[in-house]
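K.L.:
Let the sequences and hints guide you as you build the complete structure.
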Amino acid sequence: MISKSLLYVLSIIGFTACQNQNSLVQQIDSGVHQHTPAIPDMSAGLPPEPEATRKTEKGKKEQNIIYLKEGETKFLKEQQMNITFKGITEDSRCPQGVNCVWAGTALAQIVVMGVYTRPYTILLSTLADTKKGYNTSRNFNGYEFSLAEVNPQPTTNKDYKDHKGNYRIGLNITRKSAGSDHQTTKR
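FYI, the numbering for the sequence shown is 782 to 968, going by the numbering used here.
Since the hints were derived computationally from the structure, they do not count as laboratory data.
Yeah, the Cβ is synthetic: ideal placement off N, Cα and C, and Gly gets one too.
Any given hint could turn out to be false.
What the hints assert, rightly or not - Computed cross-link-like contacts, DSS-like style, restricted to lysine-lysine with a CA-CA straight-line distance of at most 30 Å:
#1 K785 <-> K850
#2 K957 <-> K855
#3 K850 <-> K939
#4 K913 <-> K957
#5 K939 <-> K912
#6 K855 <-> K945
#7 K867 <-> K913
#8 K957 <-> K939
#9 K912 <-> K867
#10 K855 <-> K867
#11 K850 <-> K867
#12 K867 <-> K945
#13 K913 <-> K850
#14 K912 <-> K945
#15 K913 <-> K945
#16 K945 <-> K850
#17 K858 <-> K957
#18 K945 <-> K858
#19 K850 <-> K957
#20 K957 <-> K867
#21 K912 <-> K957
Stated by the list, open to error - If you anchor each label on the Cβ, the simulated ranges turn out as follows:
#22 T917 <-> G868: 12 to 20 Å
#23 E930 <-> V892: 29 to 37 Å
#24 Q890 <-> K912: 15 to 23 Å
P.N.:
What follows is the structure, encoded as C-alpha coordinates:
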(Lines of atoms letter the chains of each structure in order from A and count residues from 1; the text may use other names and numbers.)
(Lines give C-alpha, C1' and ligand atoms only; values in the text may rest on other atoms or scores of the structure.)
Protein backbone atom coordinates (compact mmCIF):
# COMPACT_ATOMS: atom_id res chain seq x y z
CA MET A 1 0.00 0.00 0.00
CA ILE A 2 2.88 2.39 0.81
CA SER A 3 4.51 1.76 -2.55
CA LYS A 4 1.24 2.64 -4.38
CA SER A 5 0.94 5.89 -2.35
CA LEU A 6 4.55 6.78 -3.01
CA LEU A 7 4.12 6.10 -6.72
CA TYR A 8 0.97 8.25 -6.76
CA VAL A 9 2.74 11.22 -5.01
CA LEU A 10 5.73 11.04 -7.35
CA SER A 11 3.42 10.96 -10.38
CA ILE A 12 1.58 14.08 -9.16
CA ILE A 13 4.89 15.93 -8.58
CA GLY A 14 6.19 14.93 -12.02
CA PHE A 15 2.94 15.96 -13.69
CA THR A 16 2.97 19.34 -11.91
CA ALA A 17 6.58 19.97 -12.95
CA CYS A 18 5.72 19.23 -16.59
CA GLN A 19 2.72 21.59 -16.43
CA ASN A 20 4.93 24.41 -15.10
CA GLN A 21 7.42 23.94 -17.92
CA ASN A 22 4.67 23.96 -20.54
CA SER A 23 3.14 27.15 -19.16
CA LEU A 24 6.59 28.84 -19.14
CA VAL A 25 7.15 27.91 -22.80
CA GLN A 26 3.69 29.26 -23.67
CA GLN A 27 4.41 32.57 -21.89
CA ILE A 28 7.67 33.04 -23.80
CA ASP A 29 5.96 32.20 -27.12
CA SER A 30 3.02 34.50 -26.36
CA GLY A 31 5.16 37.67 -26.42
CA VAL A 32 6.28 37.96 -22.80
CA HIS A 33 9.88 39.16 -22.98
CA GLN A 34 12.52 38.55 -20.42
CA HIS A 35 14.70 41.45 -19.30
CA THR A 36 18.31 41.16 -20.36
CA PRO A 37 20.69 43.44 -18.50
CA ALA A 38 22.60 46.04 -20.49
CA ILE A 39 26.31 45.46 -20.83
CA PRO A 40 28.24 48.43 -19.39
CA ASP A 41 30.82 50.24 -21.51
CA MET A 42 33.48 49.67 -18.88
CA SER A 43 33.44 47.39 -15.89
CA ALA A 44 33.94 48.97 -12.48
CA GLY A 45 36.62 46.41 -11.66
CA LEU A 46 38.78 47.05 -14.73
CA PRO A 47 41.37 49.82 -15.05
CA PRO A 48 40.36 52.80 -17.19
CA GLU A 49 41.27 52.87 -20.83
CA PRO A 50 44.48 54.76 -21.68
CA GLU A 51 42.62 57.31 -23.83
CA ALA A 52 40.23 58.15 -20.98
CA THR A 53 43.19 58.57 -18.63
CA ARG A 54 44.97 60.89 -21.10
CA LYS A 55 41.84 63.06 -21.45
CA THR A 56 41.52 63.35 -17.67
CA GLU A 57 45.20 64.26 -17.22
CA LYS A 58 44.98 66.78 -20.09
CA GLY A 59 41.95 68.40 -18.44
CA LYS A 60 43.81 68.67 -15.15
CA LYS A 61 46.85 70.23 -16.85
CA GLU A 62 44.59 72.82 -18.49
CA GLN A 63 43.34 73.70 -15.00
CA ASN A 64 46.97 74.31 -13.92
CA ILE A 65 47.02 71.45 -11.43
CA ILE A 66 50.55 70.41 -10.51
CA TYR A 67 51.12 67.07 -8.77
CA LEU A 68 53.91 66.65 -6.22
CA LYS A 69 55.05 63.76 -4.05
CA GLU A 70 56.23 64.40 -0.52
CA GLY A 71 59.74 65.91 -0.64
CA GLU A 72 59.57 66.61 -4.40
CA THR A 73 60.67 69.93 -5.95
CA LYS A 74 59.59 71.17 -9.38
CA PHE A 75 60.52 74.24 -11.38
CA LEU A 76 57.45 75.79 -12.95
CA LYS A 77 58.67 77.45 -16.12
CA GLU A 78 55.47 79.42 -16.79
CA GLN A 79 55.37 80.85 -13.25
CA GLN A 80 59.18 81.20 -13.01
CA MET A 81 59.36 79.60 -9.57
CA ASN A 82 60.42 76.50 -7.69
CA ILE A 83 57.85 74.69 -5.62
CA THR A 84 58.61 72.05 -2.98
CA PHE A 85 56.08 69.88 -1.20
CA LYS A 86 57.65 69.48 2.25
CA GLY A 87 54.93 67.22 3.62
CA ILE A 88 51.59 66.90 5.37
CA THR A 89 51.77 68.33 8.88
CA GLU A 90 48.27 67.24 9.91
CA ASP A 91 45.70 64.82 8.50
CA SER A 92 42.49 64.53 10.48
CA ARG A 93 40.25 63.76 7.49
CA CYS A 94 37.44 61.29 7.95
CA PRO A 95 38.54 57.74 6.95
CA GLN A 96 37.01 56.20 3.84
CA GLY A 97 33.78 54.32 4.48
CA VAL A 98 33.15 55.98 7.85
CA ASN A 99 30.36 58.46 8.60
CA CYS A 100 31.93 61.31 10.56
CA VAL A 101 30.42 64.34 12.24
CA TRP A 102 33.31 66.51 10.99
CA ALA A 103 35.04 66.07 7.62
CA GLY A 104 38.46 66.83 9.09
CA THR A 105 41.33 68.55 7.36
CA ALA A 106 44.71 67.88 5.80
CA LEU A 107 47.41 70.55 6.11
CA ALA A 108 50.15 70.64 3.47
CA GLN A 109 53.43 72.54 3.87
CA ILE A 110 54.74 73.97 0.61
CA VAL A 111 57.82 76.10 0.00
CA VAL A 112 57.74 78.38 -3.05
CA MET A 113 60.60 80.47 -4.36
CA GLY A 114 60.43 82.79 -7.34
CA VAL A 115 63.45 83.42 -9.55
CA TYR A 116 63.96 86.79 -7.81
CA THR A 117 62.57 86.01 -4.36
CA ARG A 118 63.49 84.26 -1.17
CA PRO A 119 61.83 80.98 -0.15
CA TYR A 120 58.33 81.41 1.26
CA THR A 121 56.52 78.71 3.25
CA ILE A 122 52.82 78.27 2.58
CA LEU A 123 50.44 76.13 4.64
CA LEU A 124 47.39 75.01 2.67
CA SER A 125 44.42 73.20 4.15
CA THR A 126 41.64 71.16 2.58
CA LEU A 127 39.18 72.97 4.83
CA ALA A 128 39.09 76.66 5.84
CA ASP A 129 39.16 77.14 9.61
CA THR A 130 39.75 80.74 10.70
CA LYS A 131 39.97 79.76 14.37
CA LYS A 132 43.02 77.61 13.66
CA GLY A 133 44.36 79.89 10.91
CA TYR A 134 43.86 77.32 8.15
CA ASN A 135 43.45 78.66 4.61
CA THR A 136 42.37 76.79 1.51
CA SER A 137 44.32 79.19 -0.72
CA ARG A 138 47.30 81.54 -0.43
CA ASN A 139 48.89 84.12 -2.72
CA PHE A 140 52.53 84.38 -3.71
CA ASN A 141 54.19 86.46 -6.41
CA GLY A 142 50.95 87.11 -8.31
CA TYR A 143 49.66 83.53 -8.17
CA GLU A 144 47.04 81.87 -6.02
CA PHE A 145 47.82 78.39 -4.70
CA SER A 146 45.10 76.01 -3.48
CA LEU A 147 44.93 72.30 -2.73
CA ALA A 148 43.03 70.34 -5.36
CA GLU A 149 43.83 66.85 -4.02
CA VAL A 150 45.52 65.12 -1.11
CA ASN A 151 46.18 61.39 -1.47
CA PRO A 152 46.05 58.80 -0.02
CA GLN A 153 42.82 59.19 1.91
CA PRO A 154 42.95 57.84 5.49
CA THR A 155 41.29 54.48 6.08
CA THR A 156 40.25 52.67 9.22
CA ASN A 157 43.45 50.58 8.95
CA LYS A 158 45.93 53.32 7.93
CA ASP A 159 46.07 56.84 9.27
CA TYR A 160 48.41 59.84 9.15
CA LYS A 161 51.40 58.02 10.69
CA ASP A 162 51.10 55.13 8.24
CA HIS A 163 50.94 57.43 5.19
CA LYS A 164 53.76 59.77 6.33
CA GLY A 165 56.24 60.13 3.48
CA ASN A 166 53.82 58.72 0.88
CA TYR A 167 51.48 61.66 0.38
CA ARG A 168 50.82 63.16 -3.04
CA ILE A 169 49.09 66.49 -3.56
CA GLY A 170 47.51 68.29 -6.49
CA LEU A 171 48.03 72.05 -6.43
CA ASN A 172 45.82 74.40 -8.39
CA ILE A 173 47.83 77.45 -9.45
CA THR A 174 46.03 80.43 -10.99
CA ARG A 175 47.30 83.84 -12.05
CA LYS A 176 45.75 86.65 -10.02
CA SER A 177 44.22 89.64 -11.82
CA ALA A 178 46.20 92.89 -11.97
CA GLY A 179 44.04 94.58 -9.31
CA SER A 180 44.65 91.90 -6.69
CA ASP A 181 48.28 91.16 -7.50
CA HIS A 182 50.45 91.18 -4.36
CA GLN A 183 53.87 90.74 -5.92
CA THR A 184 56.82 90.25 -3.65
CA THR A 185 59.32 91.54 -6.19
CA LYS A 186 59.64 94.44 -8.62
CA ARG A 187 60.94 93.72 -12.08
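K.L.:
A separate judgement is required for each hint: does it hold in the structure or not?
P.N.:
Structure-based check of each hint:
| no. | hint | verdict |
| --- | --- | --- |
| 1 | K785 <-> K850 | violated (81 Å) |
| 2 | K957 <-> K855 | holds (21 Å) |
| 3 | K850 <-> K939 | holds (18 Å) |
| 4 | K913 <-> K957 | holds (25 Å) |
| 5 | K939 <-> K912 | holds (28 Å) |
| 6 | K855 <-> K945 | holds (20 Å) |
| 7 | K867 <-> K913 | holds (20 Å) |
| 8 | K957 <-> K939 | violated (38 Å) |
| 9 | K912 <-> K867 | holds (24 Å) |
| 10 | K855 <-> K867 | holds (12 Å) |
| 11 | K850 <-> K867 | holds (9 Å) |
| 12 | K867 <-> K945 | holds (11 Å) |
| 13 | K913 <-> K850 | holds (25 Å) |
| 14 | K912 <-> K945 | holds (26 Å) |
| 15 | K913 <-> K945 | holds (22 Å) |
| 16 | K945 <-> K850 | holds (11 Å) |
| 17 | K858 <-> K957 | holds (17 Å) |
| 18 | K945 <-> K858 | holds (29 Å) |
| 19 | K850 <-> K957 | holds (25 Å) |
| 20 | K957 <-> K867 | holds (24 Å) |
| 21 | K912 <-> K957 | holds (26 Å) |
| 22 | T917 <-> G868: 12 to 20 Å | holds (18 Å) |
| 23 | E930 <-> V892: 29 to 37 Å | violated (19 Å) |
| 24 | Q890 <-> K912: 15 to 23 Å | holds (20 Å) |
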